[in-house]
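One-letter residues, chain by chain:
Protein chains: 4
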Amino acid sequence: MNNSDLNNLKQRLRQFAEERDWEQFHSPKNLSMALSAEVAEIIEHFQWLTEEQSNTLPKDKLKEVETELADTFIYLIRLADKLNIDLFEAVNKKIKQNEIKYPADKVWGSAKKYTEY
Amino acid sequence: MNNSDLNNLKQRLRQFAEERDWEQFHSPKNLSMALSAEVAEIIEHFQWLTEEQSNTLPKDKLKEVETELADTFIYLIRLADKLNIDLFEAVNKKIKQNEIKYPADKVWGSAKKYTEY
Amino acid sequence: MNNSDLNNLKQRLRQFAEERDWEQFHSPKNLSMALSAEVAEIIEHFQWLTEEQSNTLPKDKLKEVETELADTFIYLIRLADKLNIDLFEAVNKKIKQNEIKYPADKVWGSAKKYTEY
Amino acid sequence: MNNSDLNNLKQRLRQFAEERDWEQFHSPKNLSMALSAEVAEIIEHFQWLTEEQSNTLPKDKLKEVETELADTFIYLIRLADKLNIDLFEAVNKKIKQNEIKYPADKVWGSAKKYTEY
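Chains as they are written, first to last, in numbering that gives the first Met the number 0: chain A, 0 to 116; chain Y, 0 to 116; chain L, 0 to 116; chain V, 0 to 116.
Please note: incorrect hints may appear among the correct ones.
[What the hints assert, rightly or not] For each label pair, taking beta carbons as the anchor points, the in silico distance ranges come out as:
#, chain 1, residue 1, chain 2, residue 2, range
1, Y, K100, A, D59, 18 to 26 Å
2, L, N6, V, R11, 16 to 24 Å
3, Y, D104, L, R11, 47 to 55 Å
4, V, K92, Y, K112, 19 to 27 Å
5, V, E18, L, L61, 23 to 31 Å
6, Y, Q10, A, Q10, 21 to 29 Å
7, L, K92, Y, Q10, 22 to 30 Å
Bear in mind the hints are in silico, worked out from the structure with no lab data behind them.
C-beta atoms are modelled at their ideal positions from N, C-alpha and C, and glycine is treated no differently.
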């Protein structure tokens with residue numbers, strides 16, 4: 000997906016909300032809650048599985064998780080739209096910061112937060 | 000459909016994890032937890048604000064929220080990658096389903112779930 | 000300090016899990032995920048409501064939210080049990096710390112974090 | 000903790016909020032968000048650990064997790080208070096329902112949801 004496809008999705012989701020007079024519910028506050036609820040639907044699929052089992056989901060489970068990832072992405076796009084945040088730009092900035100915070104040679108194999116170094 | 004920038008991000012994030020020997024921590028189970036933790040960082044910014052205040056964040060707050068959206072998107076991309084799920088495709092499927100579940104004329108102005116109709 | 004009803008609940012929930020051979024799933028890691036999923040069920044009830052509406056829930060909604068609070072408390076008790084943490088003691092310690100971090104005269108009417116003072 | 004100790008905590012937390020003029024922020028909607036943010040702080044401690052490691056936390060980590068459990072319990076008590084829900088009563092009701100939904104002989108050793116039987 001390039002930025003114009005993400006923009007297309009953004010427009011489609013805006014239109015979807017406008018056609019249903021749902022914009023009134025889409026404050027950033029509310030959207031952050033909806034986003035949180037969708038991510039928890041993903042968590043629910045994995046909570047009793049081992050890490051290994053989570054790597055090898057059966058087909059029907061995978062289809063359900065795909066739907067929750069879609070819902071999560073939908074609310075993330077809506078939230079970024081409302082806050083006028085460019086998701087690609089934000090991620091690029093963050094990756095650069097992470098490359099500095101977590102130099103490969105220093106953090107190799109360790110999951111500690113950078114503040115613990 | 001041009002998926003190249005999202006694929007670029009996906010590759011960069013894979014490489015970032017490999018360079019640091021972090022793949023060992025990136026089971027879908029763990030990634031769903033990390034995703035959940037990042038979304039909660041967004042929630043924290045809005046929990047004591049009114050919906051109106053969430054619409055008009057000061058510049059410095061907006062910058063912080065931008066970082067959390069980036070972290071959220073990063074873990075979403077990693078999780079989709081591990082599960083071999085195409086985010087763009089998943090969202091397109093979901094929007095179509097939603098257009099059927101929530102016909103505009105039926106749900107106009109109401110936030111009820113479709114099961115409540 | 001009388002801790003007996005919380006201890007009763009703790010014992011009942013242990014027994015419930017043992018009778019079903021569910022202890023194998025109840026690592027603290029897994030229980031934190033289950034706790035997170037239940038809290039999100041609460042969030043779902045409030046995400047499209049205004050703060051005012053959340054103060055005046057209709058009877059049927061209130062019954063549903065009561066169930067999610069129960070589920071949340073159940074997993075919190077299980078998690079504390081597994082980590083050998085005394086919830087009552089933990090809260091008492093935290094309230095004392097909060098009384099120092101947030102002196103009433105200093106924070107009156109403001110939702111800022113203590114680091115922002 | 001018996002119900003009068005839980006009531007004591009409830010009163011203390013009410014007073015704590017009133018002394019700071021924080022009641023204005025404590026709608027159930029907002030409290031559900033704060034509760035969600037605290038649970039995510041627990042998740043953060045476990046996300047890169049294996050289930051086994053989560054069973055054997057070092058002393059300093061355990062102390063940190065104890066604090067997050069305290070914060071979680073605090074917001075749960077506040078939320079129940081605002082909704083006039085009795086947490087002990089709610090849990091007792093739920094345990095009874097669970098005993099019916101999940102008969103020990105039927106679900107022994109399986110983490111499936113009751114709808115999957």
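Cross-check of the supplied hints:
1. Y:K100 / A:D59: 18 to 26 Å: Between Y:K100 and A:D59, where Cβ atoms are some 20 Å apart, the hint holds.
2. L:N6 / V:R11: 16 to 24 Å: At roughly 21 Å between Cβ atoms, V:R11 and L:N6 fall inside 16 to 24 Å, so the hint holds.
3. Y:D104 / L:R11: 47 to 55 Å: This hint holds: roughly 50 Å between Cβ atoms.
4. V:K92 / Y:K112: 19 to 27 Å: Holds: the Cβ-Cβ distance is about 24 Å, inside 19 to 27 Å.
5. V:E18 / L:L61: 23 to 31 Å: Taking Cβ atoms as reference, V:E18 and L:L61 lie about 28 Å apart, which means the hint holds.
6. Y:Q10 / A:Q10: 21 to 29 Å: holds, 27 Å
7. L:K92 / Y:Q10: 22 to 30 Å: violated, 47 Å
Of the numbered hints given earlier, the model fails hint 7 alone.
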